[in-house]
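Between the sequences and the hints, there should be enough to build the whole structure, so can you do that?
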Amino acid sequence: MTATQQQAPVASLLTGRTKRLALAGLFLSMFVSMLAMNVVGTSMPIIIADIGGTQAAFTWVVTATMLASAISTPIWGKLADLTSKKVLLQVSLIVFTLGSALAGTAQDPTALIIFRVLQGLGAGGLGTLGQIVLAEVVSPLERGKYMGIMGAIMAVATVGGPLLGGLITDTIGWRWNFYVAAPIAIIAIIMLQRTLHLQTIKRKIKIDYLGAALISAGFTSLLIWVTLGGSSFDWWSWQTIAMVGGGLIVLALAVFVELRVEEPLIPLTLFKNRTFTLSVLASVAVGLAMFGTAVFLGQYMQLARGRTVIEASLLTLPMMGGVLISSTIVGQIITRTGKWKRYMVTGAIALLAGLLMMGQLRYDTTYWYVGVSMFVMGAGVGMTMQNLVLVVQNTVSPTQMGVASSAVTFFRTIGGTAGMSAMGAMLAIQVTNYITDGLAKLAPKDLAGAESLASGVLPKVSELPGPVRLVVESAYGHSIGNIFFAAAPVALLALIAIIFLPNIPLSSKSNAEKIAELRKNEESDPAGLGSATGSVTVLTDTTGPIVLPRRQGPTSPSTASDSAS
0 MTATQQQAPV ASLLTGRTKR LALAGLFLSM FVSMLAMNVV GTSMPIIIAD
50 IGGTQAAFTW VVTATMLASA ISTPIWGKLA DLTSKKVLLQ VSLIVFTLGS
100 ALAGTAQDPT ALIIFRVLQG LGAGGLGTLG QIVLAEVVSP LERGKYMGIM
150 GAIMAVATVG GPLLGGLITD TIGWRWNFYV AAPIAIIAII MLQRTLHLQT
200 IKRKIKIDYL GAALISAGFT SLLIWVTLGG SSFDWWSWQT IAMVGGGLIV
250 LALAVFVELR VEEPLIPLTL FKNRTFTLSV LASVAVGLAM FGTAVFLGQY
300 MQLARGRTVI EASLLTLPMM GGVLISSTIV GQIITRTGKW KRYMVTGAIA
350 LLAGLLMMGQ LRYDTTYWYV GVSMFVMGAG VGMTMQNLVL VVQNTVSPTQ
400 MGVASSAVTF FRTIGGTAGM SAMGAMLAIQ VTNYITDGLA KLAPKDLAGA
450 ESLASGVLPK VSELPGPVRL VVESAYGHSI GNIFFAAAPV ALLALIAIIF
500 LPNIPLSSKS NAEKIAELRK NEESDPAGLG SATGSVTVLT DTTGPIVLPR
550 RQGPTSPSTA SDSAS
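According to numbering that gives the first Met the number 0, the sequence shown is numbered sequentially starting from 0.
These aren't lab readings, by the way, just hints derived from the structure by calculation. The structure displayed is predicted, hence computed values, not measured ones. There could be a bad hint or two in this list.
Said to hold, decoys possible - Now the in silico label distances, taken between C-beta atoms and shown as ranges:
no.: 1; residue 1: Thr109; residue 2: Ala241; range: 19 to 29 Å
no.: 2; residue 1: Ile186; residue 2: Leu209; range: 23 to 33 Å
no.: 3; residue 1: Asp363; residue 2: Phe255; range: 51 to 61 Å
Just so it is clear, CB atoms sit at the ideal spot from N, CA and C, and this is done for glycine as well.
Quick look at the structure:
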């Protein structure tokens, strides 16, 4: 092996201006997905009403995107461990942008759901690949600061997206919401191509197709049951037996497959890592809080408070302010001090408190109380969400960075999707009951306009007569408060999991530097004497023993640079 080959891993590390530009392109690609996903958030009630959708359709439009994102996440992560991370990031940008553009042409709820699935496939890649690439470039110790920046980007996109979406919806029409991110995506693709040059460890690509199919089918069955149960069929019915029983059987088969395939989609050995297992449990709760509040707060402001899209966006600013402030400040503190656990425990407490406070929401709750509740909730999300990925990345083997990061994101999205489905099903049932009871108390002369509610289509509150409007606002306000309160026990689970996380110091080396160190150790042991199997075992300060597969000779180099992509 030549000296050039020996130095390749070190030479390819990003530094200085190149590193800053590469990170700028990375953050821009993440901003694209967050902006495009949030730009339609508060406009969704109007979109669904305009294309004739019901409350169930509203839930499915959001759920389908999240489900596709969740299912694709571990696939993107696994591919990131096997091939070029830069190319994968660019492909996910293209898929996401295409799905967004097609969603803008939808004429009915079914078409919108299908195109949002495509959008979700791209979003799954952008969400996990952004974190994987960041880990490749930046050390865990320094990463706290950048995780804070990612949280700030999320907050800005979450706030700016609905505001921009509301302006677009009220001026040129909601369909343009789906096109707004396309120019930014093109710029991000070009920037990544010119600046992001990463070392790729070439390994034979063996996709676990059977495992992917079984995991997708199992979780899909359970999520569909949660969404439709209690409305389309009784909770105790043959459909429940088929969906729950079938889903659990399929997932059991998936476990059997994952334990035996050479390249499992989700290596179950990761669950031997205490940090990984507890972070997954906590991520489920954080996903529920993040996705659920973002979706149902928009409905609360529009359907329970009678606000316009732009007004609803402005009224949710306290939550995003909590995310922005907490993630940025805590990220900086973690980088400077290396201490992380105390802030994550504080965040978990805030998450629980925020959900309990929002559980008291009603249609006439004072706005200052609503704002404080949202801020507390946002602070909890900001202090926990990205840092759960950080602590996992700090403890896993550098050769499993992709699957470990994507697995945490996967379970967070699954938790959010399942929670949203359950919350949406609960909301639909309670709203129907509250509206039925409220209308029964009205005098016959006050029932004018109530017939429009019989179809189940989301109402346009501003067009309802006074007495009926009050019934609808009260029903949505009470129901949305109830679903937030019902989600609080999940936040308690997150708090317990975070308390028991091992308080491992953050490493000062990026993933690329760890890989370079492993390769250097391999070069110092060319005969493979460190292992009877011909692999190199290296001890690190945070991960314990790491076994790196030996390259198969000079004619099949195992590394290549993304700069040739």
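Status of each hint after checking the structure:
no. : hint                        : in the structure
1   : Thr109 / Ala241: 19 to 29 Å : holds (23 Å)
2   : Ile186 / Leu209: 23 to 33 Å : violated (39 Å)
3   : Asp363 / Phe255: 51 to 61 Å : holds (54 Å)
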